[in-house]
Structure formats: C-alpha cells, structure tokens
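Enquirer: Sequence:
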Amino acid sequence: MAFERSSSEDEPTATRVSSTSVGSNNGSQKTSSIGCNLNPLARDFSPSHKKVDSRISTELFETVNGVSGLFARVNIKRGTQILCEDPLMQIASEDQLPLVWNLYERLSKEKKASFDSLQSYHRTSMEYKTVSRLVLPFTNDELALAERNRVLATFGRNSFIACPPSLAVFEVAAHLTHSCVPNVHHSFNTALNKHTVYAIADIDAGEQLTTSFLGGEHICLSSAQRTEVLQQNYGITCACAACNDRTGVSDNRRQVMNTVAEELQAYHEGRTSVTATEAQGLALVFLGLLEVEGLTGMDMAVATRHISTIALDLENWNYALQYAAQEQEIESYCLGTTVGSPEGGGMTAAEWTDYVRCVVYNNGGVAELGGSVPSRNTLRKWKKRNAKAKARINALSACADQNGVQHETLHHQKANAKSKPKASVKQDSLWDEYDNAFPKMGAE
1 MAFERSSSED EPTATRVSST SVGSNNGSQK TSSIGCNLNP LARDFSPSHK KVDSRISTEL
61 FETVNGVSGL FARVNIKRGT QILCEDPLMQ IASEDQLPLV WNLYERLSKE KKASFDSLQS
121 YHRTSMEYKT VSRLVLPFTN DELALAERNR VLATFGRNSF IACPPSLAVF EVAAHLTHSC
181 VPNVHHSFNT ALNKHTVYAI ADIDAGEQLT TSFLGGEHIC LSSAQRTEVL QQNYGITCAC
241 AACNDRTGVS DNRRQVMNTV AEELQAYHEG RTSVTATEAQ GLALVFLGLL EVEGLTGMDM
301 AVATRHISTI ALDLENWNYA LQYAAQEQEI ESYCLGTTVG SPEGGGMTAA EWTDYVRCVV
361 YNNGGVAELG GSVPSRNTLR KWKKRNAKAK ARINALSACA DQNGVQHETL HHQKANAKSK
421 PKASVKQDSL WDEYDNAFPK MGAE
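Each residue of the sequence shown is one higher than the one before, counting from 1 in our numbering.
Hints listed in this document are in silico derivations from the structure and should not be mistaken for laboratory results.
Here a beta-carbon is modelled for each residue, glycine too, at the ideal position from N, C-alpha and C.
One or more of the hints may lead you astray.
Quick list of in silico lysine-lysine cross-link-like pairs, DSSO-like style, CA-CA up to 27 Å [said to hold, decoys possible]:
no., residue 1, residue 2
1, K111, K194
2, K109, K194
3, K194, K77
4, K194, K112
Computed spacing ranges between beta-carbons, pair by pair [claimed, not checked]:
no., residue 1, residue 2, range
5, S273, D95, 43 to 53 Å
6, D116, T277, 33 to 43 Å
7, N318, E269, 42 to 52 Å
8, V256, E142, 19 to 29 Å
9, E269, R106, 21 to 31 Å
10, K112, T237, 25 to 35 Å
11, E269, L314, 13 to 23 Å
12, D95, E147, 15 to 25 Å
13, S117, V373, 24 to 34 Å
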C-alpha cells in the first residue's frame, strides 16, 4: 500500500500524487519491450515517424513493425517533456461508452487508421457485445456487431483517465507500453487541458519509452501479484528488471515497502504506538526503497510529502523545508512547471512548499528560511488555512483511500465496478450529453 493525495481544495493536506494519472490502458500489439518480453533496444525494425505535439523533435519516435511502441531516437534527459497531446477520442464517463462508435465514425480516414493500429484486448468481450447492442439494437448483422465490438474494446484497452470521470484515447501516448520500473510519467494536465508525458529518468537513444499501468498500493506487490493484475486487466506479462529478478531481492524490498507503508498509514490515522520520530525514520526508509527500486516518479513525491509533514509535527524545520523542496523538484520532472489543481483538491508541490515556509516562519524559524521571508500575500493566504491544517493532516491517509489519482488503473476500476451500461439508455440522449460536454470536438 502507498500514499495517495486527497483533500478539499480549501484546506492543506500532506498527501499528494500525480495529477490525474492513472491509469493507462495502453499496450502493444503483442507485448512491450523493456516491460514486456522484447529486446529493449529493438534495433531490427523499419521506422515510421509520427508528428507529435511535443517540445522535442518530431523525429523522436519510431514504431516497430507489427509491435507498437515508442522509442527514443536521441538521448533524453530526466524532466524533458516528450508529449503534449489533445485527445483523439473522448467521452465524459464510462456510461457513455456506447458513443464511442459515433466518435469513431466522425474520425478522418487518417485518424481511423491510427486508432485501428491500437491493440484491442477483449478482457470482457460480453460487456462490449452488450454495449454494441445498444448501438445497433435492431440488427442481426454479426459483422457489424463485431466491428463495433472491436472499436469499443480498442477504446477500452487504450483509454486514459483524463479529467475524471472522463476517458480519452491519445493518438501517440496510446503506444506507450508498461514497465514496473518505468522511465516516463503520463498525466492529464488540467492547466493545459492536454495529456503530457515526461521523462522521469535519463533515457538512451534506442530505448523504449515505458510507463506504469499500476500505481498506489500496486507498487508494493510482489512480481507474481503484479503479473496477475496485469494479465487480468491488460493481457500482458511484464519482463522488466523487477519482474525478471530471480534473486527475490526486489520482491523482498517491495514487501518491506508494504509493511512500512501500512505502519505510516496507521500512524497518520492514529492507530499505532509509533512515535513521530519513528514515523519519520520509516518514511525515510520508504523513500530510499523507492529509489533503489528505480521508482523515480510521483510515488517519490508522495513519500517526500509525508516526510515533510511529519517533520512539521516534530518542528524539524530544516527537514520540512528540505523535503518540501525535493517534492517540488520531483513534481517538475513528472508534470512540468505548469501544473493544474490536483484531482480531489489538495496542494501542488509549490503550494505545499509555500505552506511549509509559512508554518516555519510563524513558528519563529526565520534562520531556517535563510532570510527568505514569505510574502505578505502568501502569509495572509495560509493564515486563513492554518486553522484547519492539523485536522486535515491527521486525516491524510483516510482521505487518500477515497481519492487516489494515479494509484488505480482504469481497468482495475472496471473490474471492481460491477455496474454495466443499462439497456434502457438511449443513444440519442447520450449523444446530446456528449455534445454538451465537449462542444469543440466535432466531426473532422
């Protein structure tokens, strides 16, 4: 189990995660490189170049013949923005799945070909057949139903959570493949209203770009447990360094991570005799284990938020400031410098750093601030929130369980959701709802 972000937007909280990441539902035609049983360098292929909305050269990506994937054509430094995309197709919620066929029909020939190149994984084919019947309720044309079933399954397999509960497929990001030790982080940036992908590690030319389809408590699972989740929800088998570790060292580390995470959650909920000093030590251990496991994304930001939170409890101003600043650095690597409001409320790393500085200043820690006193406006803003801060911080973990962002994959949510679209839903009303929700996404 790991930590998630939650809170009301008006009140400080120590929890944090990535901005609506969630869970990717992407995959390759077969299995992924690095993450899924292919040569990581994948030299034996004919390149096909895509134009992408990216701050990096549009020649950066190559797609392997027969197996979809993204590969770096140049060395990429950590923190580099790789993708910044508008959706190819988007629905307001899972209930609007019947509208996907209409969206598909509106695509241009080129966009249809791009969508058709994506993998379609029929994990719950009966569900898609039921939805197809909503689209074509009075036909017995099995070919037509099969085609609609394929489109629905492709959308379900490759969609990301955009602004929850909205789901979207992104033309280039859909080719990202899974690794339990990813080298990129994907998220929907609410400030830009685009899907972004950033390098969270230095990536060599020829290396495949991989993201994690798992998050939250899943990072503490053993390789066997992760394999089960990936097979159930994506139909893939991961062959990353963590899953291929035959020594069992990685599994042992993740078991320790799980134990430490449970102790820290119990501490924040007041269910343990662990002292603040002991909790601080546990949080530092958790951060170290993440680093050793190569988990350099937003999970590290979550860990640093907890360290700085406990440091405030201990009035260890230096630690509080140090790890708040570290969280801000990690967030910039994963999300860039323009960050929207976190899903479920809460604070961005920059807002949290401001809050920590104000707490330190209000408690006489001017020396620790190095003479850099918060502005009057910043102090005024956080003075209003300070009264509620401790109550919110003590409830962090309980709130986090309800408001995970990247920590639940889309298909895991679907597997647990037991609800299916009702046969009584009329397509015309759904389509009206879609047009109202996304007025700018008309026919191409």
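Enquirer: A separate judgement is required for each hint: does it hold in the structure or not?
Expert: Outcome of the hint check:
| no. | hint | in the structure |
| --- | --- | --- |
| 1 | K111 - K194 | 18 Å, holds |
| 2 | K109 - K194 | 23 Å, holds |
| 3 | K194 - K77 | 22 Å, holds |
| 4 | K194 - K112 | 21 Å, holds |
| 5 | S273 - D95: 43 to 53 Å | 46 Å, holds |
| 6 | D116 - T277: 33 to 43 Å | 58 Å, violated |
| 7 | N318 - E269: 42 to 52 Å | 27 Å, violated |
| 8 | V256 - E142: 19 to 29 Å | 53 Å, violated |
| 9 | E269 - R106: 21 to 31 Å | 48 Å, violated |
| 10 | K112 - T237: 25 to 35 Å | 30 Å, holds |
| 11 | E269 - L314: 13 to 23 Å | 18 Å, holds |
| 12 | D95 - E147: 15 to 25 Å | 22 Å, holds |
| 13 | S117 - V373: 24 to 34 Å | 56 Å, violated |
Hint violations for this structure: numbers 6, 7, 8, 9, 13, all remaining hints satisfied.
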